[in-house]
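Given chain A, put chains L, C, H, R and S with the ligands in place with the hints provided.
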Amino acid sequence: MQSEQMLLLTVVAEAILEDILIDEVRRQGAAGYTVSDTRGWGKHGKRRGNWRQGGNIKLEVVGSPDLCDRIAKQFKEQYEADYGLLMFTSPVTLKN
Amino acid sequence: MQSEQMLLLTVVAEAILEDILIDEVRRQGAAGYTVSDTRGWGKHGKRRGNWRQGGNIKLEVVGSPDLCDRIAKQFKEQYEADYGLLMFTSPVTLKN
Amino acid sequence: MQSEQMLLLTVVAEAILEDILIDEVRRQGAAGYTVSDTRGWGKHGKRRGNWRQGGNIKLEVVGSPDLCDRIAKQFKEQYEADYGLLMFTSPVTLKN
Amino acid sequence: MAFDPVVLFFLLGAIAGLAKSDLKIPMAIYEALSIYLLLAIGLHGGVKLAESELVPLILPGLAVLTVGALIPLLAFPVLRWLGHMPRADSASIAAHYGSVSVVTFSVAVAFLAARGIDYEGHMVVFLVLLEMPALVIGILLARMGTKGPVQWGKTMHEVFFGKSILLLAGGLVIGFVAGPELMDPLEPMFFDLFKGVLALFLLEMGLVASSRIAEVRQYGLFLVVFAIVMPVVSAILGILLGWGLGMSLGGTLLLATLYASASYIAAPAAMRIAVPKANPALSIGASLGVTFPFNIFLGVPLYFWMTQWLYSLGG
Amino acid sequence: MAFDPVVLFFLLGAIAGLAKSDLKIPMAIYEALSIYLLLAIGLHGGVKLAESELVPLILPGLAVLTVGALIPLLAFPVLRWLGHMPRADSASIAAHYGSVSVVTFSVAVAFLAARGIDYEGHMVVFLVLLEMPALVIGILLARMGTKGPVQWGKTMHEVFFGKSILLLAGGLVIGFVAGPELMDPLEPMFFDLFKGVLALFLLEMGLVASSRIAEVRQYGLFLVVFAIVMPVVSAILGILLGWGLGMSLGGTLLLATLYASASYIAAPAAMRIAVPKANPALSIGASLGVTFPFNIFLGVPLYFWMTQWLYSLGG
Amino acid sequence: MAFDPVVLFFLLGAIAGLAKSDLKIPMAIYEALSIYLLLAIGLHGGVKLAESELVPLILPGLAVLTVGALIPLLAFPVLRWLGHMPRADSASIAAHYGSVSVVTFSVAVAFLAARGIDYEGHMVVFLVLLEMPALVIGILLARMGTKGPVQWGKTMHEVFFGKSILLLAGGLVIGFVAGPELMDPLEPMFFDLFKGVLALFLLEMGLVASSRIAEVRQYGLFLVVFAIVMPVVSAILGILLGWGLGMSLGGTLLLATLYASASYIAAPAAMRIAVPKANPALSIGASLGVTFPFNIFLGVPLYFWMTQWLYSLGG
Ligand SMILES: Nc1ncnc2c1ncn2[C@@H]1O[C@H](COP(=O)(O)O)[C@@H](O)[C@H]1O
Ligand SMILES: Nc1ncnc2c1ncn2[C@@H]1O[C@H](COP(=O)(O)O)[C@@H](O)[C@H]1O
Ligand SMILES: Nc1ncnc2c1ncn2[C@@H]1O[C@H](COP(=O)(O)O)[C@@H](O)[C@H]1O
Ligand code: NA
Ligand code: NA
Ligand code: NA
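As they're listed, the protein sequences go chains A, L, C, H, R and S.
Numbering of the first sequence is given in the working numbering, commencing with residue 1 and proceeding in unit increments.
Numbering of the second sequence is given in the working numbering, commencing with residue 1 and proceeding in unit increments.
Numbering of the third sequence is given in the working numbering, commencing with residue 1 and proceeding in unit increments.
Numbering of the fourth sequence is given in the working numbering, commencing with residue 1 and proceeding in unit increments.
Numbering of the fifth sequence is given in the working numbering, commencing with residue 1 and proceeding in unit increments.
Numbering of the sixth sequence is given in the working numbering, commencing with residue 1 and proceeding in unit increments.
Keep in mind that a hint or two might mislead.
To be verified - What follows is a list of derived Cβ distance ranges for each label pair: (1) L:E80 - R:K20: 29 to 39 angstroms; (2) L:D66 - A:N96: 29 to 39 angstroms; (3) H:L298 - R:I58: 34 to 44 angstroms; (4) C:Q74 - R:L73: 34 to 44 angstroms.
Rather than coming from a laboratory, the hints here were simulated on the basis of the structure.
In this text, a Cβ means the ideal position worked out from N, Cα and C, and glycines have one as well.
Extracted from the complex, chain A is given alone in its bound form (with noise of 0.2 angstroms):
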């Protein structure tokens, strides 16, 4: 994994997505992901969190460019038009 330039890919989404999400992110061949629960404010309003639907999920994959992003043109053009999402990609140096 360390040879080349890696890339977190950042989504953040309605938490109803997780599950999807997920699938998606395990089909398209990645090594592993994280899932943390957030709230927030956006285009699509505000994401209050007080129950589970009501609030976002942050899910981050450590990838290849080209994984980061084959993930995320997927899930730009299944669920950005109807869905709160948002999505970034950074630089990072993997440590172990």
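Positioned in the frame of chain A, the structure of chains L, C, H, R and S with the ligands alone reads:
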């Protein structure tokens, strides 16, 4: 949003500041924000997160360097002296 | 803290390691740390986060490249073989 | 009118929300309270069911289902052509109003208990049955005239194995299998505390609803009026059907309340997956911000009064 | 001295904390327990109040408030000039000690219940009233001699619509409006479980307090002595006032306990916003790490003994 | 066989898990339920202990401990040489089966209560005592033949001040010190609700176990057979010992259940730190995915039947 280099501004602060910080972020014109609960330790001692106001929040804003600078400057002036506060930015590439 | 390029070291690990990892971070001389609860999946299988020790934590430390390296090296030696562990760094600009 | 104290907890929550108080029910507690209520209602019904005969329930059950299916079919054209709302939103809102609210049902149960009025044990079976069909109808209404595959598998899974149906039906079966005697040691938890938990849940509902009222206001008067008139119309259907089926006074009130109530746990989850184009703020805003408080404060007493009036004629 | 088992839970929590056990009460549970306690105390008081007359309470209420306002004014100069503490810290600590602790009050209520001693229902009204004024006085003390605007709006909002006041007052009103009869179905939740929830809360308090003791030690002996002497002085004021007002033995103990107790829910939140220069570790360390355990283990029995002694003279 | 309704909650949870329902018990609630159960079991035992004499317990206690220590020593060679498992895994699994499960014990307590059968109060003392030694033996077994320092300090701390022992022992002492009378106001919380909380906990256990069953299947039939045969063998040891010590029927069933049960709270935490090379999926999979459901559905009734049979001979 995509043409320019975007930054991710991360703010770790005492949980009691959540509403105040969020108001400021919206006033400065951010397009959104994401909040999560954290705990930690720093110059102001240990923040165990046993109860809501004994913990920290992490507030994240993706925006232009200018926006992030403005927000960070405002927070630094108003809260750094008296409250637990950590702020940093990192470059990100938007994917939606 | 501002002159030198700083790094954000992110460590995702089994929740049971929280106290041990934190002690090490302080021993290595970090100025602070931030912890949050996460769940995920990787080489060591699924970490559902149903209960405290069935989930992961995310430990974040902002520090000099040298500090982050020392911490990551120590964790790699002691925990990588036997525990779920992911570590990476990314460059950040301190704003306070 | 002397309000049951539980609805005052809703008021307290709403005040806290409107006053932007720092009072917050943690998400984990909200989830736990809703799990408790679903289970307890199911267990309660199961125990009552264990004491009644099942075969004579089949025909009335079908009637209750059929009339229940009319509600979204009635609501949809009103929303679409009277309200000029997009197809997806009309379908989603229709589904919410065709489905049912466990908490509104619980408030009506408490209303009866406070007056010492009994009701048929199988009402909880109807509650379980009524939760689903409206969701399917809503999805079909949303699909008509559009193309592309609907995620049926995922959606049906969401509905059948969603926690609402699962806990209600699970509790029903456990209560039925165990019967009153074996359930005895579980009574302090699932029966004695029921109204207290309901009160705490209503506190949280008030907090949430207060934020939804502001949102629904944006969408104009039509939706607010719909959110008040629709439940009354549905309740009248329920009262007539209950009376026609020869149900008890209490049972008829519960049926009217079921028809009048709008879902905000199962429906939003299912609709978000199956009809992504529908704006959830609209449907939740109407059902939680308007219909829910209307029902618990005015609706239930009104339906009770109407039922009593009808039954005094018939008797 | 036979301790009430609830205070032993505090001890257990403190031992777990000092031994660095992995026992942790999740944040959501802590929040839920505190919401419960505030509501239950409010409801309890409301029901009792529904049975008493309100008008004769106005004068005693004013007296209780006035003497209560003396406490922070007494504490401030001691902290500032005897303790050589910064103005902001002196003011903030004074506010904490002028305000009240619902859990200490609850322990005293349990103490009376275990002995079958009754008390005036309006004590909870005093609890609500006493929570606020000291905070305002503390803020004013902090402002004197400094410039720049105080965030009054935000602070007053924090105080009045903070969850403490809101739930206490809300519970009080609901209990009062509903009265004993309608509250009956809520009893298993809000009355029968009260002491059990208090025990669990004290377990968590022990965990937290144990970490605070270490912190307060850093600030030297003065603060520790203050955190023990101040409550005793305040309690004596309360005993004399209760006696002067002709209150019952139980009521006087509760008044003494209110005066003696130091806030650690409402005050820290309000002071953190209004007096940001004050170090919260100092005020919470003293109130939670020293005064709270002192009060529940030694203070309450001591104040009871003093009250009994005074009343045996008078009787 | 009429199942106690509490075990049906396990089934409901397992069905929800296997059907990939969205039902989830929030982590905070899981933690709270387990804290409650540990405390309540401790308090229960403490109160019962307050009514019995302590000195005559020393010799039986030693016997129970000695036989208990045999269990991991018996399990280890079976796993290592019959199952060809790595040393670390064999040791860790042996430790899990030598230690005990509080929830399995609770189900047996409920089993007795439903049948009105009494048992010795000091069984909870045995529960506390049996939790630890197997963990130490497991660690020693893992160390034999390997080098490098074992983190004894950390591990012993994990065991002695882990929440399991701390809450059980703490509850025991509080219940003992307070005695039945002072514990009275805590009864609605810690006694009346016990079975209801157990039901909710079993719901969550079902959810978790369902995901573990899939995992344990990967490791082949040997582990599954071990996870069923081992508890039966241990139970037989317990029945013979209880009978030999002249314990009551109820006490002997509880002893058999303690021996038969495998830990999944204290042991996993301790082993993860002390024997990091052991794969936790194996030990938790076996104890939670197989042994736990086996014990609550079939084991406890079986051990009861065996105990009754033996006692009918002896009697
Ligand atoms: N500029 C932003 N910075 C940080 N988080 C954002 C931003 N925009 C959106 N988000 C997060 O992404 C979620 C969905 O965004 P949206 O689709 O814009 O509603 C929001 O609820 C926020 O949590
Ligand atoms: N060097 C650091 N790395 C990561 N997090 C930090 C660091 N310093 C401070 N923090 C976080 O920021 C909060 C406030 O910091 P402080 O003002 O230094 O007490 C702490 O409670 C930590 O959660
Ligand atoms: N490629 C990845 N991207 C994001 N998170 C990961 C990745 N790999 C592992 N993780 C996280 O690190 C934890 C431990 O990883 P592992 O040791 O691979 O099981 C997992 O449970 C995930 O939460
Ligand atoms: Na309906
Ligand atoms: Na006071
Ligand atoms: Na065992």
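Outcome of range test on Cβ distance (L298 (chain H), I58 (chain R); 34 to 44 angstroms):
36 angstroms Cβ-Cβ, so the 34 to 44 angstroms window holds.
Cβ distance range 34 to 44 angstroms for Q74 (chain C) and L73 (chain R), holds or violated
54 angstroms, violated
If you check the beta carbons of D66 (chain L) and N96 (chain A), does the distance land in 29 to 39 angstroms?
36 angstroms, holds
Please test the hint of 29 to 39 angstroms on the beta carbon pair from E80 (chain L) and K20 (chain R).
Holds, since E80 (chain L) and K20 (chain R) (Cβ atoms, about 32 angstroms apart) stay within the stated range.
The structure shown violates just one earlier hint, number 4.
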